[in-house]
Every structure is written in structure tokens, then in C-alpha cells.
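Enquirer: Residue numbers (our numbering), protein chains in the order written: chain A, 251 to 627; chain B, 251 to 627.
Calculated from the structure, these hints are not laboratory results.
Please note that a few of the clues may not be correct.
No distinction is drawn between identical chains; accordingly, a pair holds when it is met within one copy or between any pair of copies.
What the hints assert, rightly or not - Below, a list of computed lysine to any residue pairs in the SDA-like style, where the Cα atoms sit at most 20 Å apart:
hint, residue 1, residue 2
1, 487, 597
2, 464, 502
3, 493, 272
4, 258, 289
5, 464, 510
6, 258, 325
7, 258, 518
8, 518, 269
9, 493, 507
10, 493, 543
2 protein chains.
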Amino acid sequence: MSSLGDVKPQVMQFTEPLPLRSGARLSDYTLVYETYGTLNAERSNAVLVCHALNASHHVAGTHAGEPRSEGWWDNLIGPGKPLDTDRFFVIGINNPGSCFGSTGPMHVDPATGRVYGADFPVVTVEDWVDAQARLLDRLGIAQLAAVLGGSLGGMQALSWSLRHPDRLRHCIAVATAPNLSAQNIAFNEVARRAIVTDPEFHGGHYYGYRVVPKRGLRVARMIGHITYLSDDAMEAKFGRGLKGGAPGYSTQDIEFEIESYLRHQGDKFSEYFDANTYLLITRALDYFDPAREHGGDLAAAFAGARCKFQLVSFTTDWRFSPERSREIVRALLDNRLDVSYAEIDAPHGHDAFLLDDARYHGVLRARFDNIAKEFAA
Amino acid sequence: MSSLGDVKPQVMQFTEPLPLRSGARLSDYTLVYETYGTLNAERSNAVLVCHALNASHHVAGTHAGEPRSEGWWDNLIGPGKPLDTDRFFVIGINNPGSCFGSTGPMHVDPATGRVYGADFPVVTVEDWVDAQARLLDRLGIAQLAAVLGGSLGGMQALSWSLRHPDRLRHCIAVATAPNLSAQNIAFNEVARRAIVTDPEFHGGHYYGYRVVPKRGLRVARMIGHITYLSDDAMEAKFGRGLKGGAPGYSTQDIEFEIESYLRHQGDKFSEYFDANTYLLITRALDYFDPAREHGGDLAAAFAGARCKFQLVSFTTDWRFSPERSREIVRALLDNRLDVSYAEIDAPHGHDAFLLDDARYHGVLRARFDNIAKEFAA
Numbered sequence: 251m252s253s254l255g256d257v258k259p260q261v262m263q264f265t266e267p268l269p270l271r272s273g274a275r276l277s278d279y280t281l282v283y284e285t286y287g288t289l290n291a292e293r294s295n296a297v298l299v300c301h302a303l304n305a306s307h308h309v310a311g312t313h314a315g316e317p318r319s320e321g322w323w324d325n326l327i328g329p330g331k332p333l334d335t336d337r338f339f340v341i342g343i344n345n346p347g348s349c350f351g352s353t354g355p356m357h358v359d360p361a362t363g364r365v366y367g368a369d370f371p372v373v374t375v376e377d378w379v380d381a382q383a384r385l386l387d388r389l390g391i392a393q394l395a396a397v398l399g400g401s402l403g404g405m406q407a408l409s410w411s412l413r414h415p416d417r418l419r420h421c422i423a424v425a426t427a428p429n430l431s432a433q434n435i436a437f438n439e440v441a442r443r444a445i446v447t448d449p450e451f452h453g454g455h456y457y458g459y460r461v462v463p464k465r466g467l468r469v470a471r472m473i474g475h476i477t478y479l480s481d482d483a484m485e486a487k488f489g490r491g492l493k494g495g496a497p498g499y500s501t502q503d504i505e506f507e508i509e510s511y512l513r514h515q516g517d518k519f520s521e522y523f524d525a526n527t528y529l530l531i532t533r534a535l536d537y538f539d540p541a542r543e544h545g546g547d548l549a550a551a552f553a554g555a556r557c558k559f560q561l562v563s564f565t566t567d568w569r570f571s572p573e574r575s576r577e578i579v580r581a582l583l584d585n586r587l588d589v590s591y592a593e594i595d596a597p598h599g600h601d602a603f604l605l606d607d608a609r610y611h612g613v614l615r616a617r618f619d620n621i622a623k624e625f626a627a
Numbered sequence: 251m252s253s254l255g256d257v258k259p260q261v262m263q264f265t266e267p268l269p270l271r272s273g274a275r276l277s278d279y280t281l282v283y284e285t286y287g288t289l290n291a292e293r294s295n296a297v298l299v300c301h302a303l304n305a306s307h308h309v310a311g312t313h314a315g316e317p318r319s320e321g322w323w324d325n326l327i328g329p330g331k332p333l334d335t336d337r338f339f340v341i342g343i344n345n346p347g348s349c350f351g352s353t354g355p356m357h358v359d360p361a362t363g364r365v366y367g368a369d370f371p372v373v374t375v376e377d378w379v380d381a382q383a384r385l386l387d388r389l390g391i392a393q394l395a396a397v398l399g400g401s402l403g404g405m406q407a408l409s410w411s412l413r414h415p416d417r418l419r420h421c422i423a424v425a426t427a428p429n430l431s432a433q434n435i436a437f438n439e440v441a442r443r444a445i446v447t448d449p450e451f452h453g454g455h456y457y458g459y460r461v462v463p464k465r466g467l468r469v470a471r472m473i474g475h476i477t478y479l480s481d482d483a484m485e486a487k488f489g490r491g492l493k494g495g496a497p498g499y500s501t502q503d504i505e506f507e508i509e510s511y512l513r514h515q516g517d518k519f520s521e522y523f524d525a526n527t528y529l530l531i532t533r534a535l536d537y538f539d540p541a542r543e544h545g546g547d548l549a550a551a552f553a554g555a556r557c558k559f560q561l562v563s564f565t566t567d568w569r570f571s572p573e574r575s576r577e578i579v580r581a582l583l584d585n586r587l588d589v590s591y592a593e594i595d596a597p598h599g600h601d602a603f604l605l606d607d608a609r610y611h612g613v614l615r616a617r618f619d620n621i622a623k624e625f626a627a
């Protein structure tokens, strides 16, 4: 249950082209966003919440008339919640390239008059951060109290501290990493191959064929889900449970409960997610690597950062393990930056960052309480 | 380089139906096998080597006129090697359902006169062990000096100790598990979905269409490869290396070296492996669970075992981790069975069982030296 109640997405048009890291530009684009709470007179209580792979600007609250439409981080954000909308002005922005309203591959390229499809420019974490900054310019927010994100959202929070060091006072990065490991990239690549080799992908121009590469999307989502859950959580939840109680000896029918769960997740995902967006967002993950321009020296990458940092990781997260967060913490400490780090003993794997764990939410609540003191004083 | 030289596959026909665990029967089937070394007069020096998912009866030596045709465990088996063919009579058997010569889904069902395809009966580890036992009957081998296997092959070795406890003196099970975890099953299921949903799978009857569901096989193999390698090994071998040196900003082209490696592995595999076989063998993995009939009590499952055991695991194997081998060791010890266990500190992940690691091969060499003393004395 959301305690924020109904919220409404808003739309902002941008005519000035956004220069992208690839060298391309995004012209005449739209960003969809939501805000919760009230911007104070000093414009100092704004918190930007960055979304991960399959999420959106709809971070908290519900959409009127839509049952079960709670935002993806509704357990964290709302009146009296750890990120308290009675004190903070919270902003969620759908990133360009996504499929929840902001300009993406399913929209018409103004330069050609045709749907972008696979020709949508490759977008990076840095591009998203720049797009978000422009939207904040238009909202008249010069400096954010904090940028908060988990997983890929955490990468955006980190990138904010590098690209716009004076525009945020706190960076809160949860269950994230300074870059993807070879294994992380490998999982992304298998998911992409499943999509790209689906005959209904049509080279990324499937919209014109009125089909969707659902087979590829299903497989991609199933792979993703395995990496989101810890081995132990999967064992505890499904184990070797048989759907029918006894083996049916079939290679194609569902035998084990875990199969049923994964197929269901894959089916659901293929109904609402866009295949080109999946490619774009996994690539943004692959490319993120702030140390790269500094010869692999992450501490050098953070040399220009000025905000305070809160890092959080989860012990059973094998996608972005605590060790990856510790790499970031070390790089920040090397720069004598103000950093707090919480390693939460949670059984849920990477998914833990979306769940309502008392110790985890306690850390974030304490952090936001302290941040609120800065502008309440 | 093989030191065994050229070897020849042999073929054995079976007319008596093989009853399968599913309740079905396999009639009029063929098994392909190879033997190396010489069976001694007492018929006491035979070692059966069981193969894993994508391997075959061709365990060691080369096939005449075929370059690079060394058997899959040639580094371990041959004259003077840890499993010394100057002392042992080594047997490799291709399991039914596989795609390397023994009766499988690409062959004609004698009952219908049509190619089996997806109608090939589901085979289990236990069925394979029984089929192997029948072949040994025909070779006049009442008792094996040892059964050796890694991964799925290790499950067959364990199953031998349960189904035919008097027919082996040693069970050597490497990098294996007492059953698959939910996560193991999950990876298998994603691979199967990739194959089954490939439009060229045609419900498993693709042979008649003269196509092969290569897209699905490629994705399946890519997923498999991720689980065979350790995170660290992948990081050391590929890291975040870019194929072109700098990012090309593409969602579909190869950017990272790990992508190139995985695509290559997938392509190769799809050229020679059979899709129905992939389904059958992953299902045999899923179903293996000797504790199941004993209310989940693995020690109870091993109550009838009488041979000596050697277990080996590898520290970085996250597919079948050392903890899974320790579960087996504990169950064997609970039965006061003779068990040795070696946990090898190796960086290669699950693949380590196929590699020439000095400590690992040292353990097996010592074991086989001791076994040879039993019949040399």
C-alpha cells in the first residue's frame, strides 16, 4: 500500500540537442518525470532518484484508477518513510532510451520521420545524468540535497558526483559497482543475443512488422532473474520443489517450481518491456567505467568529487558484490572524501536493494534524517 | 598431444529393452564405446569413465586422420598418465540420448519407424548406469576397479555405487553434487527455453525440416560457459578488454572480448551438438537426486554403498561448489565408508576438472597407483 496516494507523471520537451558520449546527439526529445513532496523556498530539499534497468520515473505512489500501480521504490519513499516526502522534494525521471514515456527507440526520429528502432543512439550513464541535469535546470534546481540510486541507478548517482560535483550534496549509491565484471557483461551479452537472434527482432525494426521479439525478451529476463536472486534465496524459496509433487519425466513441460517462477517472470516482462530498450540499457551498464579514462585508477576518477557519499551493499548480492562497493569506498577514501558504507547482511541477493529490510531502510532513514537537518537548520 | 595414439570407437547392439526410470523402455538400441589398454586375465583392472554433458565415449587418444581429435580427458588418460593405460583397461561409453553415435533422438524409433525427435524417452543418470552395466556384462567385466567421472559424470560414478554396489571397488567423483540446486536448475531451464522457443526447433521434430535450432543452441551454450568458468578466471582472461581497443558504441556488434569468446563458443557448439540431446541431458542433471527416495536424507541413500570413495572439488567452482562435495563426504562418513576428499585450490571454476592441474592430477595419480596395487599384488 502506498501512503503517498495518487501521483501524476509530467512531461518535459527539450529542443536543444543533447550531445551523447558516442558522438551522436539526441534532438527534440521528451522526458517523463514525477515529483513527490514540495520544493522548499530555498530549493534545497530536492532528491533525485535514478532508476535501474526495468524501472521508470514512477518511483512511488500510485496512478489513479490503476490497481497495484505502486512505484518501484514505494516502500522507501513517502510521508514518514525513510525518504520522507513531507520533508523532501523527490524527483523520478525516465531516462532517454527507456520504454516508459521518455523518448526511446519506439518513437519517431525527427531527423528521418521514421521510428528509431535499432537506430536509436547508444546512450550511456553519463548521457542520462546530463539529461537529468537539464531537466533539473528547467525545474530551477541548482543543487540537489541528494542523488539516490540502486544498481544501475547507483551508477548514475556516482556519475552525478563526477560530472556535476557542485550540484549534489550527497550521493547515495546502493548495490552498485564501479563497472561491470567480465561475468556481468557475459550475462548481458547472452540476454542480448537471445533478443537479437529472435526472428521477430527484424534487426531492431520489429515495430514496422507489428511483432515483438518476445521469445528473446523472455530468455533475457529469465537470465536476469537468476542474477538478481541469491543462490540461497532461490534454494529457500524454490529448492528442488516439483510442481506436480513427483517427476513427470518431460524435457519441455514444467517440472520444478523454479521453472514455473522463471517462465512467469519472462512472460510478464515480454508483455511490457521493449527489446531495443533492453539492448540500450544493458549496453549503458557495460560501458559504465569511470576509471577507464584514468588508466583504470578509480581513485583518480573521483578526484573531482566533492559531495558526501553513502554506499550500501548486500552480503548475498553476487551480481554487484560487497567487494565492488568496497572498491568504490577505497577510491573515495583515497580522496579523503566523506564516505559511509553499510554492508547489510541480507539473504535476498541483488534484489535486496528493492526490498523493505529493517537494517537497510534504517541506514537510509538515518542518512536522510541527517540530510534534512542541513536545510531545516 | 595424445600419447595413446589412434583409437577406434566400437559399437554394441542391444535387443533386450532397457527399462527406464520414467516407466518407458528403450528398445533395440546401440551404444558406442572405446577401450584403451588391456583387460588383465583376472578381468580386475577395468575403469569406466563416465562423460558429462557435451562429451562422449571418446575419452582419450586420437581418431586416425582427424587432426586435433584428442579425447576430452586425454590429459589424464594414457600410457604413464595418472590413469595409466599400461596398467588399466579404460572404457568410455556414449550414453543413450546423446548425439555421438549411441541411440539418440536423431535415430529411428523401431516401434514407429520414425525419427524419435522429441519423443525420445527421458533418460536419467540411473538409466545410463544400467545401460553401462549391460555393456560391461557383454564385455565380461563383473567388477570394475573404479568408476571415474566429473560433473554429470561424477553423478554417474556415485550412482554406480548405489545401483551396483558390488560391481565397483572405487568411486571417483570429481566436481560433482548430490543434486542440482534451484540455481543450477534455473540455468538449465533458461537454456532449454532458448532451444524450445527457437522457431527452428519445431517441437523437437526439426530433423524432418532439415533445420537445426542453432540460435537456441548458441544461447544455451553461452549460458553454460558462464557457469563453467569462475568469475575470477573470466576476469583474468577477458576482464573489460575491448575488442577494438576503444568503445564503438553499438548494441549489436561485439565490443568486449568476453562477448567474442562467448559467441565463438556458441557458434562452435551449434555446429555439432543436438538440441534434443541438450534437453535430455540437462533433464538428467535436474532429476538426479539419490536422497529424494530417502526423504532427502543423503546418508540413508548411501547406506547400501560398499566401495571406496575419492571426492575432488575445486575452490572456484560455483556450479558445483566444494560445499556440495562436502555434503557427499558427510553422507559417506555417516555410513563409515572409506572416503578421501581433496579440495583443490584452482582458479578455473567448474572447468578445472578437465584441466591439467598438477595438484589435482597428483591426487588422481596417487589414487590409481593405490588401486593398481590391489590387482598387481
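Enquirer: Determine for every hint whether it applies to the structure shown.
Expert: Here is how each hint holds up against the structure:
Proximity of residue 487 to residue 597 under the C-alpha cut-off of 20 Å is restricted to the intra-copy arrangement: shortest distance 11 Å within a copy versus 30 Å between copies. In this assembly of identical chains, residue 464 and residue 502 lie within 20 Å of each other by CA distance both inside one copy and across copies; the values are 18 Å within and 18 Å between. Within a single copy, residue 493 and residue 272 get their C-alpha atoms only as close as 48 Å, which misses the 20 Å cut-off; across copies the closest is 17 Å, which meets it. Proximity of residue 258 and residue 289 under a CA criterion of 20 Å is satisfied intra-copy only: 16 Å inside one chain copy versus 80 Å between copies.
In the homo-oligomer, the alpha carbons of residue 464 and residue 510 lie at most 20 Å apart inside one protomer (17 Å), although the nearest pairing across protomers, at 25 Å, exceeds that limit. In this homomeric assembly, residue 258 and residue 325 come within 20 Å of each other (Cα to Cα) only inside a single copy, at 18 Å, whereas the closest approach across copies is 66 Å. Taking CA atoms no more than 20 Å apart as the test, residue 258 paired with residue 518 passes in neither setting, with 24 Å inside one copy and 51 Å between copies. Taking the shortest Cα distances, residue 518 and residue 269 never come within 20 Å of each other, neither inside one copy (35 Å) nor across copies (40 Å).
In this assembly of identical chains, the alpha carbons of residue 493 and residue 507 lie at most 20 Å apart only when taken from the same copy (5 Å versus 40 Å across copies). In this assembly of identical chains, residue 493 and residue 543 lie within 20 Å of each other by CA distance solely across copies; the values are 17 Å between and 51 Å within a copy.
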